[in-house]
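Each chain, written out:
Protein chains: 4
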Amino acid sequence: MARTRVGIINVTGYTGVELARLLGQHPDVELVSVTGRSMAGKRLGQVFPHLSQLDLTITEELDSSVEFVFSALPHGESATRLAPLVGRGVAVVDLSADFRLKSAAVYAEWYGTAHPVPELLKEAAYGLPELNRTAITSARLVANPGCYPTSALLALAPAWREGLLDSDIVIDSKSGISGSGRSPSLDTSFCEVSEDVTAYALAGHRHLPEINQELTRLEPKITPRVCFVPHLVPMSRGILSTCYGKLNKKLTAEELRQRYVDFYWNEPFIKISQSPPHTRDTQGSNVCLIYPTIDERTSRLIVVSCLDNLVKGAAGQAIQNMNLMLGFRETAGLEAPALYP
Amino acid sequence: MARTRVGIINVTGYTGVELARLLGQHPDVELVSVTGRSMAGKRLGQVFPHLSQLDLTITEELDSSVEFVFSALPHGESATRLAPLVGRGVAVVDLSADFRLKSAAVYAEWYGTAHPVPELLKEAAYGLPELNRTAITSARLVANPGCYPTSALLALAPAWREGLLDSDIVIDSKSGISGSGRSPSLDTSFCEVSEDVTAYALAGHRHLPEINQELTRLEPKITPRVCFVPHLVPMSRGILSTCYGKLNKKLTAEELRQRYVDFYWNEPFIKISQSPPHTRDTQGSNVCLIYPTIDERTSRLIVVSCLDNLVKGAAGQAIQNMNLMLGFRETAGLEAPALYP
Amino acid sequence: MARTRVGIINVTGYTGVELARLLGQHPDVELVSVTGRSMAGKRLGQVFPHLSQLDLTITEELDSSVEFVFSALPHGESATRLAPLVGRGVAVVDLSADFRLKSAAVYAEWYGTAHPVPELLKEAAYGLPELNRTAITSARLVANPGCYPTSALLALAPAWREGLLDSDIVIDSKSGISGSGRSPSLDTSFCEVSEDVTAYALAGHRHLPEINQELTRLEPKITPRVCFVPHLVPMSRGILSTCYGKLNKKLTAEELRQRYVDFYWNEPFIKISQSPPHTRDTQGSNVCLIYPTIDERTSRLIVVSCLDNLVKGAAGQAIQNMNLMLGFRETAGLEAPALYP
Amino acid sequence: MARTRVGIINVTGYTGVELARLLGQHPDVELVSVTGRSMAGKRLGQVFPHLSQLDLTITEELDSSVEFVFSALPHGESATRLAPLVGRGVAVVDLSADFRLKSAAVYAEWYGTAHPVPELLKEAAYGLPELNRTAITSARLVANPGCYPTSALLALAPAWREGLLDSDIVIDSKSGISGSGRSPSLDTSFCEVSEDVTAYALAGHRHLPEINQELTRLEPKITPRVCFVPHLVPMSRGILSTCYGKLNKKLTAEELRQRYVDFYWNEPFIKISQSPPHTRDTQGSNVCLIYPTIDERTSRLIVVSCLDNLVKGAAGQAIQNMNLMLGFRETAGLEAPALYP
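For the record, the sequence lines run as chains A, B, C and D.
Each residue of the first sequence is one higher than the one before, counting from 13 in my numbering.
Each residue of the second sequence is one higher than the one before, counting from 13 in my numbering.
Each residue of the third sequence is one higher than the one before, counting from 13 in my numbering.
Each residue of the fourth sequence is one higher than the one before, counting from 13 in my numbering.
So here's chain A without its partners, still in its complex pose (with noise of 0.2 Å):
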């Protein structure tokens, strides 16, 4: 059987040379074209030497046999280069944050600028394949979550759609630096964030939004009220997040865990720990690491997770996403253990 035919737009950042690297072993596709403006002309390997075995040239425009594709745009533009391959019927994961807001006005809001095309908002999938399958498996167009609102999600589906808590949630996450992109800045320079950790976007990450939207279509009786704050931490993989939540029922830690097992209980991605997870373990791998527990002295929840942001946070969860749009085996191209230590 002819594999498909796939390509990468801006292949460049780490996002996409992530999806170049899973794609490049995927056993139902072939990676055939992958775009970047700035390294037009230069050999994939060039670039990216681990990459060398990949047979590839980055090229400006993709090539028109594509047949699907994986946007790693910067928001606003992406929108844009998409809008004309989801037009001629080209089926596409957009990696960037174009999509994932179903209301222009909140993304007018957030991104301070119009929508490029709001009428493919309705459109769009939601990519959370745990919370969303049925969606995205019918989907031309699936907008790839923030590599935060997936460890949050899938840290607080299970008690929140059951109502196990109050609407105030409080999501204290620490990402590595690889989050920040890889265009060069004193922000991500190795003296500047080696030995230190930092808070950021405390008057409000893009990504709140979107959790916001996920919790409220998850359970749509209450308003979450969430308190979400990022953090820097020096490594180069990795989203931990630590949710904080009330809860209005009773019940045990051993009970609490039972719930969240059974929830995922036939998600091949998601693990529930026994003891909190390290995100070394996720290092590579599409795997997510959740561990719920009770706070009992305060009554709350608190809910440990972590993934790869590349992987299950990014490119991972795309081609995951993918493999669901084509009717492939859900995680084809993704079973490779993580890379410890």
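Heads up, some of the hints might be wrong.
Note: identical chains are not told apart, hence a pair may lie in one copy or across any two.
Straight-line Cα separation of at most 20 Å, DMTMM-like style, residue types lysine to aspartate or glutamate; simulated pairs [as the list claims (entries may be wrong)]:
1. K261 <-> E308
2. K258 <-> E279
3. K262 <-> E174
4. K258 <-> D178
5. K114 <-> E73
6. K54 <-> D199
7. K114 <-> E231
8. K262 <-> D199
9. K258 <-> E73
10. K261 <-> D180
11. K258 <-> D180
12. K233 <-> D178
Source of the hints: derived by calculation from the structure; they are not laboratory data.
The structure presented is a predicted model; accordingly, all values stated were derived computationally and were not measured.
Place chains B, C and D on chain A using the hints.
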């Protein structure tokens, strides 16, 4: 004027060796005796090359001429060893947990053993100068606070003492690895902790009762309900605590900030930041950086504080306490700026 | 076709667990047995969460059905444990140092103990496929090379075999911390090794006689005089060796480069780089990157090589050897690109 | 006594800001003026929070009252800017490369541009106090050495000056990332350099002619043939140089060690180590640790030296030079021990 003769019991851990670094530069004291059972007989500079300029040999017992003692022993052992010294009238700062909790019952509950000298608990002053300066100044026995409580209490005190907060508090702390001590273990091995973040002690960390006790003392009318989750991040030094509370008064972020500035206006080691602080800016120094703000969407107070766990969170604060106890300038020996980068 | 049943003796070190990661994905073998004394009885995924998808329990003894064995035991112990297996005709790759040196006397000199089974030394093939493929292919017992010798020999072989070099060689190697093993020690504690570089074993590292033996075998007419100094750098994986020799022929850097390209033209795991290589580009992969050049001012050859010490320097090379011994495709199970970043 | 008024040109790089940290604590000088074009108008503590206790505003031009100037400008620019100051009789330490090379021709060859003020070259003293103290003491213009040459020359000088070595030298240096400066670039981004080691400048690093020049000055009878390869390792501060030479005399490691001890017996900043030194033990301090030994198998001298590239390799050495030039105690302001861990 003759300088005060000081000694360190158990110099060989990270807290003890940091005491030696700082005391060796202190203008008003002379470090004359350092103990350490396993390394007894060795020159200090043999074990710790950066201290080879200090002309000291590690001994098993403290020199009897010592007028002021720092104990960096583990809890339990520390109280037992210090009791006779206190009895003889030697002034002491204990860096272990032994004299932090006022209640022997609470101590027994959290440390799993009866307190060795409960009769001394009353006498001990809790050594957080910014919140308890008067008591420290006249004390002979000071309990140096834990690193996490120092960061959390300094972050919360202004809002808590003014009654701005509901009783429910979340403290999410991120610590460097030196907080786990110098004894080798898999949990602090480079390959295990680099490229890793994890939460721990979710069933209750021993610093929690200390935080509750001191919040209660600050404002006895409210019973704090604190949910405290510590995390380990891949750096050597530093703690950043992100503290979340519900505001019960309406005020702006700027008003809040002003209250923090006023509260700490005369404190040499507290800096109210204009933006979220970086642990890197505290490396090696006794400063605590605090950034208070308000999440307007959820009416939550968020305070981010950071410090060097080995300095303001341990050895530096111990020296600050000594300065108060001995009538030295409070900043003596603690004025060096942080090492950056 | 039934897949070959393989086992790992001592799965609990970094080498053993890396073997498990790679063998678990190998298309032609089935990992059926993993041993480890201290952890016997535990599920593999309990000790190493990233391997929880492998359905294996750690046992004390190897399952008797195993057809191919990898030993990741310490030297001395390994030979003793493997001898009966070899006697029974089980094919073996030994990742310890026990069968690397051809001379029992040299072994005794460097390892401080008599070789447990000197009669097997003759039979063992030195498992560096690029330099010894024929012998490996027909061997029943393969001695997997040390990580440093692998990087140094691959770097030097083309020039050395062609007689381009004087006998005097300097090899300055920089290794990540995982090379020191998984047993906790102060020397591998995060706070000791982060922000640190150091040289060690200046009186002679055990990998030196191995390098000398193999250089001699490559070109018996010259007695190598190798000065080898290993260093530890603060990263988990990776070795970079900078090798210096005196050229005894006049040739340009480009001619030199071409000889290296020719020498390794058909090698799937060797890449001759166009610029100094980065260990990061080998992380998790079996590739060895080599950059040969000439310092024209001093007529010196400089060759920089790098690889992942746990893959091409240990587990990956062991599997490459197995592939040759069992007649599989040489790259089977070893095709995944490096993890970047 | 009035303290000398000092200024820093270009305070905003890592060298400049380290000068500010150290000068702010110096007992004999007052830091009164710091310049930096892009940040002119800002408070120093706004850009560098760890220096907020210094009451200084960054200006475009140096205050005219300044009596002593440090330049941390890039080469080329520095000489141009300093020439008029030197002309007016202001004493100067230049931390750029502009006055290190005695020959304008060699400068032009390595820096690709004619020297802006060749007439000043003669006047400049090479600022390595341990090897050139007399000249520095009477100089008005001191060229602060490069970080690599400092580590290499201090390591080699005792053996080289005594004629113990053949002309062929290999210097393999490992540097932390701060040596690459503070301007953001992909090459210093956290995700690119963490978990990575690489060699660079194999065609010739600009510090090579400086090393050759000074070795020649130390012992004019031998023409050094130095092969120098710098490497980047994932840490912020520190350089470790491993230097290899051929001994032309028979002597034991202990005799060699004694010669090093004698050579540096009176030097406050040089420590001859008993074992291979760690860069971590120099962090933030002006010390250089040196470990000389002999590889008996190959009759090679191996000397390992390490220092903090921003202190003894830059700002600290500059202040040591100033102390000599102004007749202060040589160690003034430089006595703080390293920060460990």
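Now the hints, each set against the structure:
1. K261 <-> E308: Classified as within; 12 Å inside a copy, 28 Å across copies.
2. K258 <-> E279: neither (26 Å within a copy, 36 Å between copies)
3. K262 <-> E174: Within. Shortest intra-copy distance 13 Å satisfies the 20 Å Cα cut-off; inter-copy 33 Å does not.
4. K258 <-> D178: both (5 Å within a copy, 14 Å between copies)
5. K114 <-> E73: neither (29 Å within a copy, 53 Å between copies)
6. K54 <-> D199: between (28 Å within a copy, 19 Å between copies)
7. K114 <-> E231: within (16 Å within a copy, 46 Å between copies)
8. K262 <-> D199: neither (44 Å within a copy, 34 Å between copies)
9. K258 <-> E73: neither (50 Å within a copy, 49 Å between copies)
10. K261 <-> D180: Both. Shortest intra-copy (15 Å) and inter-copy (17 Å) distances satisfy the 20 Å Cα cut-off.
11. K258 <-> D180: Both: 7 Å inside a chain and 10 Å across chains, each within 20 Å.
12. K233 <-> D178: The answer is within: 11 Å in one copy meets 20 Å, while 26 Å across copies does not.
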